[in-house]
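Residue numbers (numbering that gives the first Met the number 0), protein chains in the order written: chain U, 0 to 440; chain S, 0 to 529.
The hints are simulated quantities; they were obtained by calculation from the structure and are not laboratory data. Worth double-checking, as some hints may not be accurate.
Computed list of lysine to any residue pairs in SDA-like fashion (alpha-carbon distance at most 20 Å, straight line) [stated by the list, open to error]:
#1 Lys402/U - Pro352/U
#2 Lys72/S - Ala203/U
#3 Lys294/S - Tyr66/U
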Amino acid sequence: MEHIVIIGNGISGVTLARHIRKLSGQPKGQAGKKITLVSAETDYFFSRTALMYIYMGHMTFEHTQPYENWFWEKNRIELKKGYVKKVETQSKTIHFAEGDTLQYDKLVIATGSKPNKFGWPGQDLEGVMGMYHKQDLDNLEKHAPNNNVCKHAVIVGGGLIGIELAEMLNSRNIPVTFLVREDSFWNGILPEGESQMINRHIKAHHIDLRLSTNLKEIKSDENGKVKSIIIEETGEEISCDVVGLTAGVTPNIDFLKDSEIETDIGVKVNRFLETNIPDVYAIGDCAEQQEPSGNRRPVEAVWYTGRMMGEVLAQTICGNRMPYNPGHWFNSAKFMDIEYQTYGWVFGEKGRPDYEQHFHWKHSDDTKCITVAYHKDTNEFLGINTFGIRLKHETFDKWLTEKRDVDYVISNLKDANFDPEFYARHEDEILAAYKRQSLLV
Amino acid sequence: MNTPKPSMSLTKPEAFDLTTKQRIYVAIGMIGLIILALATFNVTFPYRTIVLSIALLSISIGVVLFANDMYIKKLPGIKNDGVMFKSISSRGLWAWVSGLAFTGFYILLYFKATWLGLGTDGAENTGLVALFDPLSRLLNGGQASQWFVYGTLYTIAILVFGYKFLLKYRHNKYERLRTFSVMFFQLAFAFLIPEFMARLNSDSFSLPYYDLKNIWPLNYYNFEQYRVNSFIEAGDIGLALLIFGILSIFVITPILTFKYGKRWYCSWVCGCGGLAETAGDSFRHLSDKRQFAWKIERWVVHSVVVFVVLMTTAVVYSYLGDDSSKYWLTKNTFLIGVAALLTVVFAWVMIFKREQLAKDAQYGAIGYFVIILVLLAIHFFNGSNLFLFKAETLRQSYGFLIGAIFSGVIGTGFYPIFGNRVWCRFGCPMAAILGFQQRLFSRFRITTNGGQCISCGNCSTYCEMGIDVRAYAQKGENIVRSSCVGCGICSAVCPRGVLKLENDSLKGRINANEILLGNDVDLMDLVNEK
Numbered sequence: 000m001e002h003i004v005i006i007g008n009g010i011s012g013v014t015l016a017r018h019i020r021k022l023s024g025q026p027k028g029q030a031g032k033k034i035t036l037v038s039a040e041t042d043y044f045f046s047r048t049a050l051m052y053i054y055m056g057h058m059t060f061e062h063t064q065p066y067e068n069w070f071w072e073k074n075r076i077e078l079k080k081g082y083v084k085k086v087e088t089q090s091k092t093i094h095f096a097e098g099d100t101l102q103y104d105k106l107v108i109a110t111g112s113k114p115n116k117f118g119w120p121g122q123d124l125e126g127v128m129g130m131y132h133k134q135d136l137d138n139l140e141k142h143a144p145n146n147n148v149c150k151h152a153v154i155v156g157g158g159l160i161g162i163e164l165a166e167m168l169n170s171r172n173i174p175v176t177f178l179v180r181e182d183s184f185w186n187g188i189l190p191e192g193e194s195q196m197i198n199r200h201i202k203a204h205h206i207d208l209r210l211s212t213n214l215k216e217i218k219s220d221e222n223g224k225v226k227s228i229i230i231e232e233t234g235e236e237i238s239c240d241v242v243g244l245t246a247g248v249t250p251n252i253d254f255l256k257d258s259e260i261e262t263d264i265g266v267k268v269n270r271f272l273e274t275n276i277p278d279v280y281a282i283g284d285c286a287e288q289q290e291p292s293g294n295r296r297p298v299e300a301v302w303y304t305g306r307m308m309g310e311v312l313a314q315t316i317c318g319n320r321m322p323y324n325p326g327h328w329f330n331s332a333k334f335m336d337i338e339y340q341t342y343g344w345v346f347g348e349k350g351r352p353d354y355e356q357h358f359h360w361k362h363s364d365d366t367k368c369i370t371v372a373y374h375k376d377t378n379e380f381l382g383i384n385t386f387g388i389r390l391k392h393e394t395f396d397k398w399l400t401e402k403r404d405v406d407y408v409i410s411n412l413k414d415a416n417f418d419p420e421f422y423a424r425h426e427d428e429i430l431a432a433y434k435r436q437s438l439l440v
Numbered sequence: 000m001n002t003p004k005p006s007m008s009l010t011k012p013e014a015f016d017l018t019t020k021q022r023i024y025v026a027i028g029m030i031g032l033i034i035l036a037l038a039t040f041n042v043t044f045p046y047r048t049i050v051l052s053i054a055l056l057s058i059s060i061g062v063v064l065f066a067n068d069m070y071i072k073k074l075p076g077i078k079n080d081g082v083m084f085k086s087i088s089s090r091g092l093w094a095w096v097s098g099l100a101f102t103g104f105y106i107l108l109y110f111k112a113t114w115l116g117l118g119t120d121g122a123e124n125t126g127l128v129a130l131f132d133p134l135s136r137l138l139n140g141g142q143a144s145q146w147f148v149y150g151t152l153y154t155i156a157i158l159v160f161g162y163k164f165l166l167k168y169r170h171n172k173y174e175r176l177r178t179f180s181v182m183f184f185q186l187a188f189a190f191l192i193p194e195f196m197a198r199l200n201s202d203s204f205s206l207p208y209y210d211l212k213n214i215w216p217l218n219y220y221n222f223e224q225y226r227v228n229s230f231i232e233a234g235d236i237g238l239a240l241l242i243f244g245i246l247s248i249f250v251i252t253p254i255l256t257f258k259y260g261k262r263w264y265c266s267w268v269c270g271c272g273g274l275a276e277t278a279g280d281s282f283r284h285l286s287d288k289r290q291f292a293w294k295i296e297r298w299v300v301h302s303v304v305v306f307v308v309l310m311t312t313a314v315v316y317s318y319l320g321d322d323s324s325k326y327w328l329t330k331n332t333f334l335i336g337v338a339a340l341l342t343v344v345f346a347w348v349m350i351f352k353r354e355q356l357a358k359d360a361q362y363g364a365i366g367y368f369v370i371i372l373v374l375l376a377i378h379f380f381n382g383s384n385l386f387l388f389k390a391e392t393l394r395q396s397y398g399f400l401i402g403a404i405f406s407g408v409i410g411t412g413f414y415p416i417f418g419n420r421v422w423c424r425f426g427c428p429m430a431a432i433l434g435f436q437q438r439l440f441s442r443f444r445i446t447t448n449g450g451q452c453i454s455c456g457n458c459s460t461y462c463e464m465g466i467d468v469r470a471y472a473q474k475g476e477n478i479v480r481s482s483c484v485g486c487g488i489c490s491a492v493c494p495r496g497v498l499k500l501e502n503d504s505l506k507g508r509i510n511a512n513e514i515l516l517g518n519d520v521d522l523m524d525l526v527n528e529k
């Protein structure tokens, strides 16, 4: 029986395991495969994206586990708790920190990411943490259970995890200073109007948002615990009990250093998610595409892409070799109370192609807006960002495939609305604004 | 799985403790409860009108001020912060204390009303019931009963906690409209209209107490002899009400459920649902989401339907005559009618909808159908007693087991332990019948948004009916479940805008994907077409 070992029980590894089990070893009689999921983080799969809700008290840890504990045995997916120290590809053996080993026939690396640290002085002090692993959450619960123990917190780095951490601390009335390197929140990704609106929304939650601000160092008290931080630009010292480092993530692949598996930022993979070593694959946050498709980045640290890689690799492992060829880009997030969805490509100021033109509409209540990107010469619809209005994935996927033009998309926005019943609709206002703008141009 | 850790420990995050202001508002509310508790222990108050007003007002004001403090100064949005840490909402000490207190109250209400001060055999009320006499006189002209006390408190609970719900979900128009609706139906239809109708009663004219929105089998007593007699004796109005009661079951309900799903009733109109959605909102995450609970649910709730059908048939049968020359509806025509109706429903499901039912549901349906027909056959061969039991025994057992213990004592008293929809989920025969209609022929479903689900679990956690919504959302599968009451909270709490309650055509209601939108189209075709 072929033994598939998957290191990492996040969304990529678990999706892969589930799909391998669907394809092999069903009663239909194919030769079954033995599947082992290895993790040092938790016993059972949980949805990482929900970690914040545990701290906020919306859910318990058990609620974040999509499958009941009997699921794994029933589907013959073996769970192994252990920290992988080393991979020997010659003998197909993995070595655990605890001293034991495991033989594999095929190995999949799905170890995800770890928070970026840029060599700031004091970045490893007590009370300094990322917000990616279950252990980060435990650490936060220890250092910031309430606003008596944690009188002030500082978050370093904009982006999605940063704002989630701000929301988490805010839910316990812990004052937060939020240092963002850019001159507007997440404007490496978001166009100007949206980024500005989110700036205002963050401040409306009484979060001390500092734009164009960098961290110089983190200072320690006599016990090796964080005491304060110093701001690069002004030299200002802000005393704090917790520092959240949320300046992005990098692949979590230190354990592969001494192996023969080729790595750069992440584990280098081809379009088939294969590494340089036969029978070794990598998926999810830790995989680095050597030939990324379309506008996609070499390392996609996104929940959805992790899931999709798992779906594809299951085919390859079960004998139907298949490239990772994702469809139209999409993503979503939530900025405090404002939901965000994106379909297709909409670029911020930086790195925006010359041909990309935007139509932007914002509601007067300052919590809803959309940006539609289109090709300035051909009028082809390229993508949409939407804030505070839910839109239908299926409709935009279709419009992108059909290469609709921007007039069509904005005139037919009604068909794509996914807001709950009785919600106020804004399509007419958007269309009117679009027509006014078209007349001006 | 899915059980909050009770916060009886000392180390819970203090961040979610009550503030001083909130403590004061709780105290204001407590004044009202203490007055009611003292009255329960037979303290006789002078100036009942004033004391009652103080009690009810202080409860209402306490809740309203508390709600204001919780939500009004925060920006509109999902506000479930600390739910899993607060004692009352995480099966902590306060949850058990209040659960036992509610349960105790229910037991007194149903079985020991005299302890609450109900005057029997024409005697004056004392204690708690007497305290409500002034309000009762104002509304219906007579003195209060224990049910009047209960109805008043029930209505106040829906109104003041409805206000809290409106504030909490003020960003969500669906939730707002729905809450206005349950508040209106409780105040007007369940409380004021029946009281005013009672006022019309005189020596020559009498209608039973009738909450018009309560439909059989939820009001399992609607076709008992005394009620039917009283309807018929009340002339045209009574007959109209009786016909309305029958039409509600066979015509109005199926049409509305076809168009809107069972939510038009369960979470927009029904009183049990109204209390669950308002006063019970703080407990919605406590419902059991395990697959095991789902299996139990399906058997228990459908058994209750079978029980209520048998019981009602027996009761109606017991007072019908044999002589067809006196009245067209005889014992035999009635029984044949019931058997024919059940056969038609059974045959329709088995012929047209069989593939939509799971194996165990099919076996269950066949089993129950056979049991009912056998019981009817026994009657034709043996005569005297229908169904081996006396009709009255059946009715009493149903009233005790289901009407009192299940819907009241456990269903409501145990909100803080089992969640707010235990009764609706496991016990309500009305919900089961509506659910049957919803599952098999409704335009209602909850649709999911392509590949946008992140499996976070907010939807499943906050589903009061214990549906594992996430399991469907992560497969991109429409949610077509008989238990869904369409409260819309899964859609509200979803941080990615993945869920939407929809009425659409019957085509494509039931779908499932192994691979979601966003991936390679060839792969999606390959895997999903199988």
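Hint-by-hint comparison with the structure:
Taking the CA atoms of Lys402/U and Pro352/U, the gap is about 18 Å. The hint holds against a cut of 20 Å. Taking the CA atoms of Lys72/S and Ala203/U, the gap is about 11 Å. The hint holds against a cut of 20 Å. With a C-alpha separation of about 16 Å, the suggested pairing of Lys294/S with Tyr66/U holds against the 20 Å cut-off.
Violated hints are absent here; each numbered hint is respected by the structure.
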